[in-house]
Amino acid sequence: MAEQAKSIWRPRSAWAGIVEAGQIGVDGKPGVTALTLDDMGFATLIVPPGSPDLASATKRMIGLDLPKKAFVSLSSTHGVAWAGANHWLLFARQQAGFVDLLQSFSDHAAVSDQSHARAALTVSGPRVREVLAKGAMVDLHSSVFPVGATALTSFAHVHVQFWRTDDGPDGPIFEILVPRSMAGSFWSWFAASAAEFNCRIDRD
Amino acid sequence: MRIACPHCGLRDVQEFVYLGDAAPQRPDGLAATEAAMFEYVYLRDNPRGLLEELWYHGVGCRAWLVVRRDTLTHAIEYVGLAKSRKAGAAA
Amino acid sequence: MRKQLHRLNSGGLIDRTQALCFRFDGKNYDGFAGDTLASALLANGVRLFGRSFKYHRPRGLLSAGPEEPNALVELRTGARREPNTRATVVELFQNLEATSQNRWPSLGFDVLSLNRLAAPALVAGFYYKTFMWPARFWEKLYEPLIRRAAGLGRAAAVEDPDHYDKAFVFCDVLVIGAGPAGLSAAVAAGRSGARVIICDEDFRLGGRLLAERRQIDGRPAADWLAAILAELASLSEVRIMPRTSVFGLYDHGIYGAVERVNDHVAVPPAHQPRQRGWRIYAKRAILAAGALERPIVFPGNDRPGVMLSGAVRAYVNRFGVLPGREAVVFTAGDGGWATVRDLTEAGAHVAAIVDARSEINPESKTMALRVGARLFAGSVVEATHGGQALRSVTVRDASGKRARLACDLLAVSNGWNPTLHLTSHQNGKPVWEETIQSFVPGRLPPGLAVAGSAAGRFTLAEALRDGARLGREAAVEVGFAAAAADPVPATDAETDGLAPVWRVRGNRGKAFVDLQNDVTDKDVELAAREGFRSIEHLKRYTTLGMATDQGKTSNLAGLAIMAEQVGKAICETGTTTFRPPYTPVAIGALAGHHRGKDFRPVRLAPTHDWSREQGAVFVETGQWLRAQYYPKPGEQDWLATINREVLATRSGVGLCDVSTLGKIDIQGSDAAEFLERVYINGWKTLPIGKARYGVMLREDGFVMDDGTTSRLGENHFLMTTTTINAAKVMQHLEFCHQVLWPELDLRMVSVSEQWAQAAVAGPRSREVLRRVVDAKHDISNEAFPYLAAGEITVGGGIPARLFRISFSGELAYELAVPAGYGDAMMHALMAAGEPYGITPYGLDGLNVMRIEKGHAIGTESNGQTTARDLGLGRMMSSKKDFIGRLMAKREALVQADRPSLVGFRPVDTNNRLWAGAHFIGIGRAAKTENDEGYMTSVAYSPNLKHWIGLGFLKNGPTRIGERIQAVDPVRNGEVEVEVCSPIFFDPEGTRLHG
Ligand SMILES: [Zn+2]
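Chains as they are written, first to last, in my numbering: chain A, 1 to 204; chain B, 1 to 91; chain C, 1 to 994.
Don't read these hints as lab results, they were simulated from the structure.
Built from N, CA and C at the ideal position, the CB exists for glycine as well.
Treat the hints with care, since some could be wrong.
[To be verified] Counterexamples of contact, computed for chain A against chain C with all Cβ distances above 10 Å:
(1) D100
(2) H157
(3) S185
[Unchecked claim] Per the computed footprint, the stretches of chain A lying under chain C, defined by three or more beta-carbons under 8 Å from a beta-carbon of chain C, are:
(4) 13 to 20
(5) 43 to 49
(6) 190 to 197
Bound conformation, chain A alone (with noise of 0.2 Å):
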């Protein structure tokens, strides 16, 4: 990435021109609390079926277990989402050395970088869940997605991947993956649904 760094070409945000920070929807106290997230590093990891590598590859690189079903592990840094049968989705918070990560991955797995790929973000807040009932045809209850399970679905009509992080102080916490030619319709999907709730949209 050294290399990089000294390029004049700068990457334009997936939702640039599609999100601002503020503040929709009625007055108030937020009701959701919408944060995109910029610069992350994301990459497909698939490998034949039965191989026993990937998961000790995974663990020693970025010290995280490789999920077996719908789940995501997570670190402060990185993460590994289940996505479909012997495939991952291996996710870093920041760009910075993410290259050279998927290279040590490439021995263990076929390694696909999507970081530019989809546009990603985080929602929040104590009405979250009915927001995302607008769109979302899998069960969001605690009972049946808990902290940290993951989905490969679709919201109204997009394709997406999700997951619930560690609860915050306003209830459950998701980060949704969405294609990145699809950002705004799920925007204004999103922001139609949360209007009511009152939303606050804060960028990366």
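Knowing the structure of chain A, use the given hints to seat chains B and C with the ligand on it.
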């Protein structure tokens, strides 16, 4: 309808793509005959009752599934992975 | 405040401190919070609510609920105007405006009620018979006339300004209906910890308890109701949804519901939806929807003032409204006697009780005496009198003796029908239950139970017992421990004693079976005589049971009269199947957010904003919006723009976004083998660092998609697909891997979203790229020849991929960078290309250039063409098996005269060509048997300065130089064209390799 994907759990049918009868097996290889291929491509039973079908969880884990469904009541008896079926048959 | 002459001084579940003013047909009225539009109008003495569908007869309120067939109004005005709204379920709000329907010029004086004089022409099936001939009269005369005369309300002619939501919710137990059975069920399930949703279409929960004077555990039912609602509200996993109609039951525990979030206010508060459509996923459901009271068919039964007996009690007890001061009660069971009691207690005089049963019990006789009502046993009402409001009725006793009784209200009681509609949505057939003379739910769909009146168990005691038991059972079935059961509360005694009267014959006036569709008993008889005896035929022939109420008050009577006509029992005659929706649902509530620009997701390329800055006109390509062309100020038209873009590219350099192409990363030791099997051509020999064009077929032998695939490593390929087919190809490849050949070592994932990709085309393209690609990469013709593909860096270290591939036939490259750099890439390429006059071009320019080069895609690969048709037959390898190989060899697909790809140019080069034209031999008639093929793509070639076309022609490649007509009767008729090679421009391909 809802289908219980072995990977993802019970999901709305909107997440799936239907293909049809799971029984026909592709006659692979250069030795395959046109007649066998014709049968594979076009000829299907249309049973009233249980049928094993192929469904694709396109909005989920992208697995191709074998779903045993009653065509009359839509009751689903079994859902498995198409991949393991073929592996099982070969073994 | 205006006086509400029919409002009782006390009582009812209305808030007398909250007066609401509203307008009906331009006149101002007052009502109270808690009123419906119907109850408020009734309180103000309004009896006439509308005109009937066919005969324009005056109509009033029949019911107090969702079954209302008559009192349909247009609610609100302007863009929010909503037709066919049942006044009986419209919650009154401040400044509500409503208009009666189907009358002209006014409700009181309706010109078209003359239809009544022409009534003999309007019998059942009239539109099949009367207006058959002459045909031209239909359009000019009959249809406009019928449209004016018949029909219901008017839809708003402008777009609905409100927002609608759609939402999904999951629960263990769904309870449909919040009457005594539903509330008992919800509390029983909720106490065990189950996630419960209880819906009711009413704005107030309680069901019939709101309308009846009943005792539970020796105290007014209202006390029980308050306690149970408080308990439900205290249970955190119970969700109470008033104003929510469950309208459909679908497979696997899916229920459709519509919540009228803001129908009870004039304009929804900012950011709130008007209505919300719900899809409810329930492990178990309990239908506790109650029952609907049924009318009696007798002459004059549609006159305003004739009302269902239970509705009378609802208006008196729930709304504090007296529907009449001088009443007659016509009953076929004990139900009517409760109305006698409640009316009397409310201060009305019951003039007479007409009981169809000949045996009247002593208590009832005592009651009649006490209230001063004449008692007619074994008698019926055989006529009603009055103009637009009831003034008297004619009663006929068992001996045939008649009496005329003055009254302004006739309450009719004939028993109840279970509201079992939802049980029938999954093919469940209702079954006849002799003891209650009604249909009850038959076989139930999995997971559904039915409680109380909806199951035909009409007493309050049964409702409470059923609800508690089924609620508890449902929770246990989904894994919760049964909560301790309270004893079922005791209720006051209730009797039924019903002997239903299906029809009273008389000779004065029409007897209506279906009030909404103006179907009479005579229409049913006519249908029987004409052979429409099946109940489904009866429905279609007479329209009985159609329209907004779907026969909620008419189906059984229609069936009973038909049974009588054909001499069968009702249960042998059948019942109609109920289908969703149970009640009308606005399309908006089904669509939710997804209308207008949000109809479906739109995909934007990472270069979209750059294209917009460049003034692009966009076009939808599947879900994508792609730049179509980039007009400049002063350009005369679209063609001038395209010509400029094409000429600039061919003479200098052009820039085009191709980010939308599908990109699939394929890795694994069997990746090359896999490509061999899915593409028609060979892949094992493709060197690392090279791209190759590939075509894939469907298994039936027709072309599915095409594109280039590059080998990035020994076991690593990057496939590109067309924009349109990207998802389809991914699905196909997953099918091939998982279903056909799981033994292959293969790992695939879409990376379409990761890369922004641009085509840089034209003789100066290499010079442009040299200024963008980092200097350490040699992109000279020798180092990076045609079809080279490599990983490089650009802009000082940005990882990128470069492909020397060309769609335009020029020296051209495609450069891909991570999507976040897409915008930077376009700006960098524009800056680098400025000295060479770099010109952005869009899909249209691309299309012109590919037609000039004879690249057959898109319209040529239309799902009906083979590789051979496209001139690509020789690409098909004979050394390997691949998808579609055998089926593509079928006799009909390889016949020499099968239309195949050639080019066309107009003989007179001033003529333009049209795609879609068919080829007919010169001098031959434009008939199907002379058809020799069709034109698929056309373009004006600014290089050749005339129109060119691609198309499929029988024996095409052998007919170069021949002339033929391109016939297009809907556009420019016939154009004589010359058959030529599909490659119009640079046929040697020298530019490509430059
Ligand atoms: Zn799945």
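Against the structure, the hints come out as follows:
With a least CB separation of 12 Å from chain C, A:D100 remains clear of the 10 Å interface cut-off, as annotated. The beta carbon of A:H157 is not kept farther than 10 Å from every beta carbon of chain C, the shortest such distance being approximately 5 Å. With a least beta-carbon separation of about 4 Å from chain C, A:S185 fails to lie farther than 10 Å from that chain, contradicting its non-interface assignment. Taking a C-beta to C-beta cut-off of 8 Å, the region 13 to 20 of chain A contributes 4 residues in contact with chain C, enough for the three needed, and the coverage statement holds.
Only when three residues or more bring their CB closer than 8 Å to a CB of chain C does the claim for the region 43 to 49 of chain A stand; here the count is 4, and the claim holds. As drawn, the region 190 to 197 of chain A meets chain C at 4 residues by the rule of a beta-carbon pair under 8 Å; at three or more, the given contact holds.
Comparing the model with each numbered hint stated earlier shows that hints 2, 3 do not hold.
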